[in-house]
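There are 2 protein chains.
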Amino acid sequence: MLCIVFEILYVHLKNAHRNWSDFWMSVSLNRSYNLPLNLAGRAFVLSFFFFFFTDVFDEIKCIHLSLFLEEERRMSHMGFRCLEISRWVICGLIGILTGLIACFIDIMVEKLAGCKYQVIKETCDEPIAAGSGIPQIKCYLNGVKIPRVVRLKTLLVKVLGVICSVAGGLAVGKEGPMIHSGAVVAAGVSQGRSTSLKRDFKMFEYFRRDTEKRDFVSAGAAAGVSAAFGAPVGGVLFSLEEGASFWNQMLTWRIFFASMISTFTLNFFLSIYHGKPGDLSNPGLINFGRFESDSVAYYYYELPLFMGMGAIGKVYLGVALHMKMSKFNVSVCVRYVHRPCLQVMEALLVAAVTATVSFTMIYFSNDCQPLGPEHNEEYPLQLFCADGEYNSMATAFFNTPERSVRSLFHNQPGSYNPLTLGLFTLTYFFLACWTYGLAVSAGVFIPSLLIGAAWGRLCGILLIWADPGKYALIGAAAQLGGIVRMTLSLTVIMVEATGNVTYGLPIMLVLMTAKIVGDYFQEGLYDIHIKLQSVPFLHWEAPATSHWLTAREVMSSPVTCFNRIEKVGTIVDVLSNTSTNHNGFPVVVQVLDSDEPAKLCGLILRSQLIVLLKHKVFVELARSRLSQRKLQLKDFRDAYPRFPPIQSIHVSQDERECMMDLTEFMNATPYTVPQDTSLPRVFKLFRALGLRHLVVVDDENRVIGLVTRKDLARYHLGKHGLEELQLAQT
Amino acid sequence: MLCIVFEILYVHLKNAHRNWSDFWMSVSLNRSYNLPLNLAGRAFVLSFFFFFFTDVFDEIKCIHLSLFLEEERRMSHMGFRCLEISRWVICGLIGILTGLIACFIDIMVEKLAGCKYQVIKETCDEPIAAGSGIPQIKCYLNGVKIPRVVRLKTLLVKVLGVICSVAGGLAVGKEGPMIHSGAVVAAGVSQGRSTSLKRDFKMFEYFRRDTEKRDFVSAGAAAGVSAAFGAPVGGVLFSLEEGASFWNQMLTWRIFFASMISTFTLNFFLSIYHGKPGDLSNPGLINFGRFESDSVAYYYYELPLFMGMGAIGKVYLGVALHMKMSKFNVSVCVRYVHRPCLQVMEALLVAAVTATVSFTMIYFSNDCQPLGPEHNEEYPLQLFCADGEYNSMATAFFNTPERSVRSLFHNQPGSYNPLTLGLFTLTYFFLACWTYGLAVSAGVFIPSLLIGAAWGRLCGILLIWADPGKYALIGAAAQLGGIVRMTLSLTVIMVEATGNVTYGLPIMLVLMTAKIVGDYFQEGLYDIHIKLQSVPFLHWEAPATSHWLTAREVMSSPVTCFNRIEKVGTIVDVLSNTSTNHNGFPVVVQVLDSDEPAKLCGLILRSQLIVLLKHKVFVELARSRLSQRKLQLKDFRDAYPRFPPIQSIHVSQDERECMMDLTEFMNATPYTVPQDTSLPRVFKLFRALGLRHLVVVDDENRVIGLVTRKDLARYHLGKHGLEELQLAQT
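Quick note, the sequences are listed as chains A and B, same order. Counted from 1, the first sequence has number 521 at position 521 by the UniProt record's numbering; the numbering is strictly sequential. Counted from 1, the second sequence has number 579 at position 579 by the UniProt record's numbering; the numbering is strictly sequential.
The hints are simulated quantities; they were obtained by calculation from the structure and are not laboratory data. A portion of the hints provided could be inaccurate.
[As the list claims (entries may be wrong)] So the derived list for chain B, only partly shown, Cβ under 7 Å to chain A, looks like this:
1. C103
2. V233
3. L488
4. S556
5. S557
6. E664
7. A668
[To be verified] Facing chain A, from chain B, some residues (calculated, C-beta under 8 Å):
8. E241
9. N248
10. V492
11. G504
12. F537
13. K616
14. F618
15. S648
16. V651
17. S652
18. T669
19. P674
20. K684
21. L689
22. N701
For glycine and all other residues, C-beta sits at the position ideal for the given N, C-alpha and C.
Chain A extracted, bound-state conformation:
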């Protein structure tokens, strides 16, 4: 119960901040009323204050350039080799831990589902963690910081949440939380410490910066997919499709390694649990059973049919409804269901409705099938049927969704009658839509697959001459593809999860058709969620018709600049000014005997300035106290990623008059562009190099503006050409 109470608080906090524009207000609110409630004893509310100012990704490496170069130079060839080895070790650990988590979830769900089956009761229907986590991980990999997305606490809550939700019979899947868990494990292991547990293992200190951390989080997400579907290659592709802007071969191999280890660990422990130690050919957590290959799997005249299935309006409808429903839910959660208890009530309501509807459906359906020797059910339900028969509607509703999918794929033709399938599709579809918007650990994969498999099988039955199981597979792919829109990785995931490459081509065709048709009407579900949260998410390319926009029109101007040797008072004032919460500041040098504007000589980040202020690295003090320890890279690393806020740093009136020399700490070679650079070119620089700030200079190298992610994410290709979005101001 403790974790449930805790989680409700957590969800509450999360929702309160979903609307980023309310940020300042809510921070002050949270600080006052949430601190006493924090069960784990850590003031995490305080800390996420700083998350808004740590968007440093690429630059952190360069910001203390001289320090960094110094370290690199001291490092021998051997040193680099050790680093490389630690990267592999970390990826191995990520794989093992993610595999173990998957194993734990699987065993717990099995146990609880077993319980449920025996007593037909709903034991754990309370909400535990909010959302699937995939949109958040997508944003993180894209380079957007979301507060607390990779914390240990999030992991615990996710794992418990998904176990209870899945076993509790809600229309949810476990893959979203698995991916999120993998990411959290990666973020934790790679840093060699846990700020939540207040333990620092003094390991992997080199990796305490955003670029490295993001790479490991990619590996974690891949390991999560791999464990969820037994699809290591699919996992790698998922990470790449969502995260990578710069394809790096070594990184890809490490990600691949983590995926592989994760599947291996899961299979190893599951094989022991199932009493068949050593049998590693067991696929992942979500296993659709193997499609045994016939001599002729499909004919070419079936392909247009498959593509038609991919294209049908169902898919569009699916997304549209999903969106409407979850928009409704999000707004309801944020605006009205602020109270945790109301959220619990909502989840209970959904669970109750789910149960009621299911029982009603089962009662009124007369689809009783004989319990033959060839049936694939582990737990056939006799409910309202004669002896020696089982209720196929009950099979679809009361198994774990995964098992229902498997039975839809593989049961003999005739196991389901069309009416059952039609009713089931409709009912489950609405339940799934409602559930997805709930504040529950939920994946959308499995419910979509189940809905798709149901109507696919229905199509197959109506076509008479076809194998309904095959059509169930195609329907599942179409439904899922229409909703999540990840063509390449999804194909591989489906192929790996069904254990048969023969169906690769039709699955691809279906997914592509679903994507093309879907994109025509509506964005994918995850993109819609990302848009709802209005984060500066950069897409793959600049909008097509944006060639006429130049850096001059896009940039923010004027820019707050610092001098190379700047007064402490000025710095503190700028950092404390809440109306200009920039994170990067160009450093300029004034030509002494002229009125000319200052020339750019570097770029410094808010977080760096804060560390400098905290350690009082002032010119005057350095002179007076020669023995003072020089600021080292370690000081920046220890502060990462939760830099203190400017308010917590006390600067006396005397100190305000001191000077700070930024030369040694700034990035002396920031990326710059001339003001006439076109938007696609600027965009490409951001995307390819993972930039967060780009200084715009004139031909005399004078600063005239600064482009940030937000400036780019504003532009969007709408129905009527280029549109400018109104992004939330943070």
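Please build the complex by placing chain B on the supplied structure of chain A, with the hints as guidance.
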């Protein structure tokens, strides 16, 4: 015969230029004695002169920036959509054509192999086209221009060559040429014209620039892999692993589409050819047969064994020997076997030795197996055996290598005796090494797989309790992985080609072990070939210990700059100067009333200047002839990719005194870096943005140097830290 003669000339030309440092000398030589010999009637010798000056990749888009922007502005939203649709259409065409080529090759090889089987004679043992083509395509995708690598003639020669080589019994495979064919098809289709055939279809003119062309070539290479192995996902990954530095989702999908269409076309036509129209579950050209899944495919205690197989010295030996042999061959070809007829003799010799050795082996082996009802051979050979038996050594030697691999994978335990396998492995290994270096259309995949399968099966037999077919698969993966080192794509290709995902994990493990062990000793085969040709190939990351190098130390300096308005005579002199064959020239603007050095205002390419000179875009002429047609983007596109050499452009003495205004044609916003930028940062810019020239400026925006690919490719991490390679000067 005509094509054979032609090909010998082709190969000859190719080899003559392999040594890039001899380039200038050989160009003059070739021009004098090869022109009369050119059978197809086109002076292609002349044209590859210019290939050295067209390394424009990214910049071409921006070089005539104002022209380009003008076009983009004129283009509506609909226009962009049409472009997008044409990209998909082109990818579809690429897929279809590659599939057809694969189909043609397959049918021809089958037919010829059938002939050979019936009459046991070697019909087509002459060399037809040189090398596998994979190293060349790797270089092309990396951004290095190799003369004539994507010409129509290359395609014809490759296709005929591979048919004759494979059917002729040489120890070669057909996948390298397939990949190359795909790339050529892509380059041809996407440009909407063929300069070889002198036809311009006036289509796809927008795509006549290097960035677009390279994207389509990636799609072609993927389609080639896909057709060769029936592995569409593997194809996409191959393209990405070799080519992509900037992962773009839309591009990936188009590549995927091309791969898919290619497999589909191949299967569609093959199914018709084989009299089973509509059966599309047929995998690609190279098909290892389906591994039917047992309940327990492998045990975890077998994994270390598999990894051991991946690691064994064989792999290292393989590469080392391969390298030695092919180095020997390359040098022999270049230095001594200059005469085409000698190359023919060498190939004939190899063919003769292959045949002799095979017969000797078959004669002395007594491995006669009973011809049971369950045997998988289509053409069992009775040679020297009693009736009702077949000679298993002959099976291994005289089938197409692909069919031999299949029989090693799938034949019943006991089909081969260990002595046969051991002898076969050794013999075939040396034959394959020798053949690979020949001037013949050759792939290294299939021979490696065959060798690996043979010793893998041998291991399996020696282990007694194991399934030899499984070990044959693992051995094949280990051998191939040790030689070509493409972990991710290779895993997927193997999984797709064997049609069973269960073996995914062991294959991965084996490939990774093989890669790690192999990398410790030696680079992969393709990398060795690339190194032998000393092209400026950029790896994924800058060498680890290069942080202390800055742009100032790396750049070429001083740089030839042009003024914004420059005298024609100066331009002609600079372009004609063979000692400074730069391709990019910074454009500077002089401050009128000062002695200060000039400031950077743009970058212009050699090819652009040549087009300008050719069209006589001089300031004076523009004034006198107001009616003169304005130079358009089309003029640049028509000249692409074979820009005329400066020598062919006649500039009179009067015209030399004219001025040329470069403002409208230069790239006004070239990428620049300050001189203190570290090497890894410069490297990342090049790799991520596909740059070819980067201007180094001081803090006054004055040009102080230029970094090119060659400057970066020089640095290399050797055994003793950073080493500077001596790259051939072009």
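Consistency of the hints with the structure:
The closest approach between the C-beta of C103(B) and any C-beta of chain A is roughly 15 Å, which is over the 7 Å cut-off, so the hint fails. Satisfaction of the interface hint for V233(B) is found here, the shortest Cβ-Cβ separation to chain A being roughly 6 Å, below the 7 Å cut-off. Annotation: L488(B) was flagged as interfacial toward chain A, and the flag holds, the nearest CB pair being 6 Å apart, inside 7 Å. A cut of 7 Å between beta carbons decides the hint on S556(B): the least distance to chain A is about 19 Å, and the hint is violated.
Hint status for S557(B): violated, given a least beta-carbon distance of 18 Å to chain A, over 7 Å. For E664(B), the interface hint is violated, the least distance from its beta-carbon to any beta-carbon of chain A being 14 Å, above 7 Å. For A668(B), the suggested interface contact is upheld, since its CB lies about 6 Å from the closest CB of chain A, less than 7 Å. At a threshold of 8 Å, the smallest CB-CB gap from E241(B) to chain A is about 6 Å, leaving the interface hint in force.
Hint status for N248(B): holds, given a least beta-carbon distance of 5 Å to chain A, under 8 Å. Evaluation of the V492(B) hint against chain A yields a held restraint, the C-beta minimum of about 6 Å falling below 8 Å. Hint on G504(B) holds. Least Cβ distance to chain A is approximately 7 Å, under the 8 Å limit. For F537(B), the shortest C-beta to C-beta distance to chain A is roughly 13 Å, which exceeds 8 Å, and the interface hint is violated.
Hint status for K616(B): violated, given a least beta-carbon distance of 28 Å to chain A, over 8 Å. Violation of the interface hint for F618(B) is found here, the shortest Cβ-Cβ separation to chain A being roughly 26 Å, above the 8 Å cut-off. Because the beta carbon of S648(B) sits about 34 Å from the nearest beta carbon in chain A, more than 8 Å, this interface hint is broken. For V651(B), the shortest C-beta to C-beta distance to chain A is roughly 31 Å, which exceeds 8 Å, and the interface hint is violated.
For the restraint placing S652(B) at the interface with chain A, the shortest Cβ-Cβ distance is roughly 36 Å, beyond the 8 Å limit, so the hint is violated. Hint status for T669(B) relative to chain A: holds, with the closest Cβ pair at about 4 Å, below 8 Å. Evaluation of the P674(B) hint against chain A yields a held restraint, the C-beta minimum of about 5 Å falling below 8 Å. The beta carbon of K684(B) is positioned within 8 Å of a beta carbon in chain A (closest approach about 7 Å), and the interface hint is therefore held.
Because the closest C-beta pair between L689(B) and chain A is about 6 Å apart, less than 8 Å, the hint holds. Of the supplied interface hints, the one on N701(B) holds, with its beta-carbon coming within about 5 Å of a beta-carbon of chain A, less than 8 Å.
Hint compliance for this structure: hints 1, 4, 5, 6, 12, 13, 14, 15, 16, 17 are not met, and every other hint is.
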